[in-house]
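Residue numbers (my numbering), protein chains in the order written: chain A, 1 to 1015; chain B, 10001 to 10471.
Treat the hints with caution; some may be incorrect.
Okay, derived cross-link-like pairs now, SDA-like style, lysine to any residue, Cα gap no bigger than 20 angstroms in a straight line [claimed, not checked]:
{"hint": "1", "chain 1": "A", "residue 1": "K839", "chain 2": "B", "residue 2": "L10155"}
{"hint": "2", "chain 1": "B", "residue 1": "K10448", "chain 2": "A", "residue 2": "A820"}
{"hint": "3", "chain 1": "A", "residue 1": "K276", "chain 2": "B", "residue 2": "T10278"}
{"hint": "4", "chain 1": "B", "residue 1": "K10003", "chain 2": "A", "residue 2": "S558"}
{"hint": "5", "chain 1": "A", "residue 1": "K839", "chain 2": "B", "residue 2": "A10445"}
{"hint": "6", "chain 1": "A", "residue 1": "K791", "chain 2": "B", "residue 2": "L10155"}
{"hint": "7", "chain 1": "A", "residue 1": "K753", "chain 2": "A", "residue 2": "S111"}
{"hint": "8", "chain 1": "B", "residue 1": "K10466", "chain 2": "A", "residue 2": "G771"}
{"hint": "9", "chain 1": "A", "residue 1": "K839", "chain 2": "B", "residue 2": "P10469"}
{"hint": "10", "chain 1": "A", "residue 1": "K791", "chain 2": "B", "residue 2": "P10463"}
{"hint": "11", "chain 1": "A", "residue 1": "K534", "chain 2": "B", "residue 2": "L10337"}
{"hint": "12", "chain 1": "A", "residue 1": "K791", "chain 2": "B", "residue 2": "V10459"}
{"hint": "13", "chain 1": "B", "residue 1": "K10003", "chain 2": "A", "residue 2": "K791"}
{"hint": "14", "chain 1": "A", "residue 1": "K524", "chain 2": "A", "residue 2": "N176"}
{"hint": "15", "chain 1": "B", "residue 1": "K10003", "chain 2": "A", "residue 2": "A820"}
{"hint": "16", "chain 1": "A", "residue 1": "K524", "chain 2": "B", "residue 2": "L10004"}
Sample of chain B residues lacking proximity to chain A, with all beta carbon distances greater than 10 angstroms (derived) [said to hold, decoys possible]:
{"hint": "17", "residue": "M10113"}
{"hint": "18", "residue": "Q10171"}
{"hint": "19", "residue": "T10174"}
{"hint": "20", "residue": "T10180"}
{"hint": "21", "residue": "N10298"}
{"hint": "22", "residue": "Y10321"}
{"hint": "23", "residue": "H10437"}
What follows is a set of in silico ranges between Cβ atoms, one per label pair, in the way DEER data are often shown [as the list claims (entries may be wrong)]:
{"hint": "24", "chain 1": "B", "residue 1": "S10336", "chain 2": "A", "residue 2": "R762", "range": "58 to 64 angstroms"}
{"hint": "25", "chain 1": "B", "residue 1": "D10154", "chain 2": "A", "residue 2": "S557", "range": "29 to 35 angstroms"}
{"hint": "26", "chain 1": "A", "residue 1": "R762", "chain 2": "B", "residue 2": "N10164", "range": "46 to 52 angstroms"}
If you are wondering where the hints come from, they were derived from the structure by calculation, not from laboratory data. Just so it is clear, CB atoms sit at the ideal spot from N, CA and C, and this is done for glycine as well.
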Amino acid sequence: QQTTQPLINSTLHGTVLDATTKRPLPGATLSINGTTHSVSADANGKFSFITGQKFPYTLTITFIGYVKQEVVANGSPITIYLKEDINQLNDVVVVGYGTQKKSDVTGSIGSVPKNILAQPVATFDNLLQGSVSGVAVTQNSGQPGSTANIRIRGGNSISFGNAPLYVIDGFIIYNNNDNANVGSNGTSVNALSTINPNDIESIEVLKDASATAIYGSHGANGVVIITTKRGKKGTSNINFNTYYGTQRVAKKLDLLNGSQWEQLVNDINLSDGVAKTFSASQIAAVGAGSDWQNSALRSAPVLNDELTISGGDERSRYLISGDYFNQQGTVQNTGFKRYSARVNYEKNVTDNFKISTNLFGSQSLENKLYGSAYNSINFSSAYSNLLLTSPIAAIYNANGTYNTTNPYNVTPTNPLQDITATTNKTTLNRILGNVAGEYKFGSDLVLKITGGVDLLNTAQDYYAPSFTGSPAGASNGYATSGYASIGSGNSLSWLNENTLTYTHTFNEDHFLNVLAGYTTQYSKNESSVASAQKFPNDLTSYHNLSYAGVANLPASSSNSSALNSYLARINYSYQHKYNLTLSERADGSSKLGANNKWGYFPSVGFSWNAAREDFFKSATKTVNDLKIRLSAGKTGNSEVPPYSSLASLAPTNYYFNSTLVTGIAPIQLANPDLKWETTTQYDAGFDVGFFNNRISLTFDAYYKKTSDLLLNVPLPLYTGYASELENVGSVENKGIELGINTDNIKSASFSWKSNIVFAINRNKVLNLGPGITSYFPIAPTGQVSPVIVQKGLPVGTFWGYNTNGLLTASDIAKGVPLLAGVPQQVGDTKYVDTNGDGKITTADKHNLGSAQPKFTGSFTNTFTYKQFDLSVFFQGSYGNKVFNLLKQSLERPTLSLNASATLLNRYSPENPNGTVARATNSPVPQVTDRYIENASYLKLKNASFGYTLKGGALSAIHAKQLRIYVSAQNLVTITKYTGQDPEVNFYDNDNTKQGIDYGTYPSVRTFLAGLNVTF
Amino acid sequence: CKKLNENPDSVIVSSQFYKTASDANSAVNAVYSTLNSDPAGDFPLYGRQLNLLTDNAGDDQIYSPSNTNPDVRALGTETYISSNSRIQKVWQQLYYGINRANIAIDNIPAIQMDTATNARLVRESKFIRALLYFNLVRLYGDVPLILHNPTSIDLSSLQVPRTNIDTVYSQIITDLKAATNLPKSYTGANIGRATGGAAHALLAKVYVTRKQWANALTQLNTVINGGYGYALFPNFRDAFQKPTKNGVEHIFSVQFETNLGAVNSTQYLSQSFVSFNTATFPIDIPADSSVYKLYSANDTRRAVTFYSSVYNAATGQTVVYNNAYTPYYNKFVDYSLTPLTTQAQSGINYPVIRYSDVLLLYAEVQNELNGAPTPDAYASINKVRTRAGIANLTAGLSQASFRDSVFLERRKEFIQEGNRWFDLVRQGETALLTAVHKLPAKSAASSKNILFPIPLVEVQLNPLLKQNPGY
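Isolated chain A, as found in the complex (with noise of 0.2 angstroms):
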């Protein structure tokens, strides 16, 4: 038998290098185009084709995180350069005190996409809101300017901080409100206000323990990575960047109006078996009556204004930014005003030495609604209050005026004067800036010193004039004849950093990367307040507290703290396929107990890149990116203030012959064993991308124990002390998140690209340490904490009466239990008994949910078609519940307060079937599940329609780039709550009480157009 010989008309070998190394790219793949001949690269990046094919014919090489090429052989031999595919595999991504090739990353990061940071925001904290899976953001109010509530894979800490450490430039920031407000009043201001958001290049967000650990003490609560833009080489740009937008609230409370008010009068007036107060003429006299809700809201306008130049040279990259942003607030008075500038630069002074700064200066104004501190004796705030306000009380004066004879005020006073008149105003001054010089020895190692400071001056301004009457308590403006109040803070923070990194590939095969480093870092808080009462009259305000007749007694503090670190980290890849990462950290933090200074942070993380090994080559059409990545470590937390592990001691006052003295007693007994708290993580993932990365997912589960808690642990009273400050107890959390990018679909003049984020965590208390199984967290003096911290629930969940109705007369007759010490009769809300013991008391209370969500998601769609493009952004949360104080308070029938329009549909002998408890006098408003509302919600959060610039037209205006484009933000929100938002932080950051509504400022819809346009 013959065989037939092939025919051969040409032979070609060849070699296959990469672009920039010239190394070879073993295993890449070659084949004809036309033909189903390939061969793949040997070890040194050869191969060779016998073929039948005649030269020239064209070949086409592919190579797993290379750029596919075609290449036209017309003789042998020949080399080919591949280009590495930076939008793949290869993209360099923002590590701690470095950056890492994307493939060789062992930790779980997720980046913030470009698109959401595009977004026209105040602060930047709003863009991690469902943009990185595993980001929880709760915007605690619609105050501008005012805090978000983020959470990184759950909050780990109970009672001190569950926030993220912020590193913008590789300088360290934790960010800690309390240096922003200084004798505030209200909301708290937040810090982060004072960046701008338009600055921002990149955010990269640091979940696992692979890749937080190498900041040990700070990294518990995951890592916030921020870079600003910087000049790029060759060009010289001037970009302007301008948007202008108007702000209406977007939901409006429903209330009582005048007649339905008088109405109720008269029915707790039944209750109470006195004579009704208003007759029928009376109540038909008076019909809507005035409308306080309505009263103090506007729509307001909110602008940014920035330029932006910058370039670079072979030598030199620099930016210069400068930023106007000013956003009015919805509600009278208030708003949010911020100057900023920034200059980055970076200059190679030689081949081996480089030098960078990056400066950021800024001045943030904020006109706050005022509202007195929480925990204060009547807390109350300037929105609440004008909500509560009687509809028969007039707003104005016939003549204009407004009218401060309410019958229903304590004061003689106005509640929408008391907004427009009272002064509350924060300036907060930041300058950010580092410098660093690296130089390289040889090839391999770079030394990198770095010194940097943070100065944040803070200037709170209060003045309530003395025809004002809010709010309640010391700071009333007509109780104490005009109060003014001033309060300043300097929070001083140096950072200097010296790191050594050694990169060498040994035998083409092996990547080793050595980071070794000392870092010190020093905070200086400083605080002082004045305040006084009893002026003359209203004309100096706050700027002259030396006309007041009362001086109250001045407050000032100070504290410094230190934390010194030894870092080191390996990362090691063997042929970008098995790649291990080693971290450690050593952290000496001056705050800790004197036995426990020193912490020490290990991680180790590995991945293994599978669609780069041969066996999966077949596969690679199909699924061409496979990574799978493990890592454990611990990381810590010492965000307690400073001196907590001292015997410190308090003053306080007494009086003798009328003259006040001071007295000084402890009020903390000595910890020296105070430690870390230390967070233990393990997390297990996988990055998939399929059909050359047209659909790429993200997955990661997760465990954290978080173990000996700082937490104040209650002592027998009898001690003397109600706590102290110890590292007992623990709590867990866990959960899975998912990433999927796609690009569904993908031509010339449309494409439509995906983007979903899914979340989902479990926080659980694990142990409160010996003897305890729960605590209530301290409620504001006079009420009852909604809230419980039990072993085996979640932080901060709710706790309370379940209701079934209301009561009938056959419940009574049956011998339903009623509530224990007040008398129930028909129409009464009927109290379930939860633990059957035929008594409806405390001991019925129970768990009613928490304000953590099973799950919180994203999902994001970008369309373009030629020059247009439209991206529509909506975000949800699942499963999580709000304590709804203010609907409590309103439901709760008085003869002087405003109350729910739910209140029309109350029980009495007239309307039977009723579902709102009959009206009394004052009922003692109980938590129940009425009040813990369902909060899960569904946002259509950003929808924005662009036109970009082309071609002639461009040319025409000697632009590069011009954008235009119109966007809608907080446009739809879906859910069953029934309080303004379900977005809402009463009390702020505090991690024991998330989720309750005490009618903080009503959230915003913003229309807004604008124009970015590059010269």
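The hints should help you fit chain B onto chain A, whose structure is shown.
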């Protein structure tokens, strides 16, 4: 590289303190301050918190519609349980003070300073410690007897059982006997401190509570005849006025001052007046008009104890309060304030022991010792009645009738002054329950109410603490 040792510049730590005479003074000021302020910013022990137990739970007072705290209402309806936050707060505040007194008593003797002042400061601390323990045993029964600052934060070392009431009383008596050596009176900047007379008077009250009549008589005789100069104010009103504070009738008072500038020391009973708006209610409400009706029309105490109308200087009109809850309490309303609604600034002291208390105790003791009221007993109670503008007590009463008359007189004299509850408890369970059951709102009262429960958190943290019966 920064050193990691902390050298706080804004906080004093205990190792730096208790060195000088000034430190000793400050330590004792801190003991007194536990009477008029709360470290956590809650209402003060005297001037609010204690009254929630001794008055709101008693038969003089019911909860107010403006009191939205269910725990306060539970006290007003005798339905409180061991987790009641107010019962816990009173316990906590009493022990706060005891701890500060313990620290002063342990640390001050070692301080190099004038020995007389040193001894005086220790005795003042002992007086306060005794006063607070006296409140504790009367409210809760057996309580842990703590006499030193804890040296460890280890929970097991802090768990101690309740100490028998007799042992606690003997400590109270020891402390008060030491305190009887305090000065008879003070001048200038020291006015308001505990005196030897206050120690004798309190000791007498302790003995009366223990029914040790002879011992009580000795102490009362010392207070009355020992040259302390105590007397009744001619006008009952002057016992609750700013200009007459720390006057002849005031044996020991908790000090409050207008315009403190300082926080946490609000005499909150002044909130009996809150507004000229008649639709709002004060935080404390007299039980019902039956309390008001105890007084005869010519009893000058009635107008001092209650109001039903207030003159509004701003409008020139008198506002009349007339509803189911009126008249309201009046004793602690500070009418010197402008505007009147700023009662948070009230500067009226809270009297712990007044001379009229001593006179009525004297009448009671004489009656108990002699099996029938003596002329001295009559003379004593009649001094109080005469000052009130009412006729002398009917002569020739039996021992039991005289006893009842003394208790009735005490009730009328001391409304809102924290005596009534203890006076009922002293007469026994039946007397207590009969009295409170007269109010429909308090029908839930039962024999367990003779003592308040040990706060639940304490029992949970320390299994050695056995709860009072019935809770």
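*Broken hints, numbered, in rising order?*
1, 13 and 15
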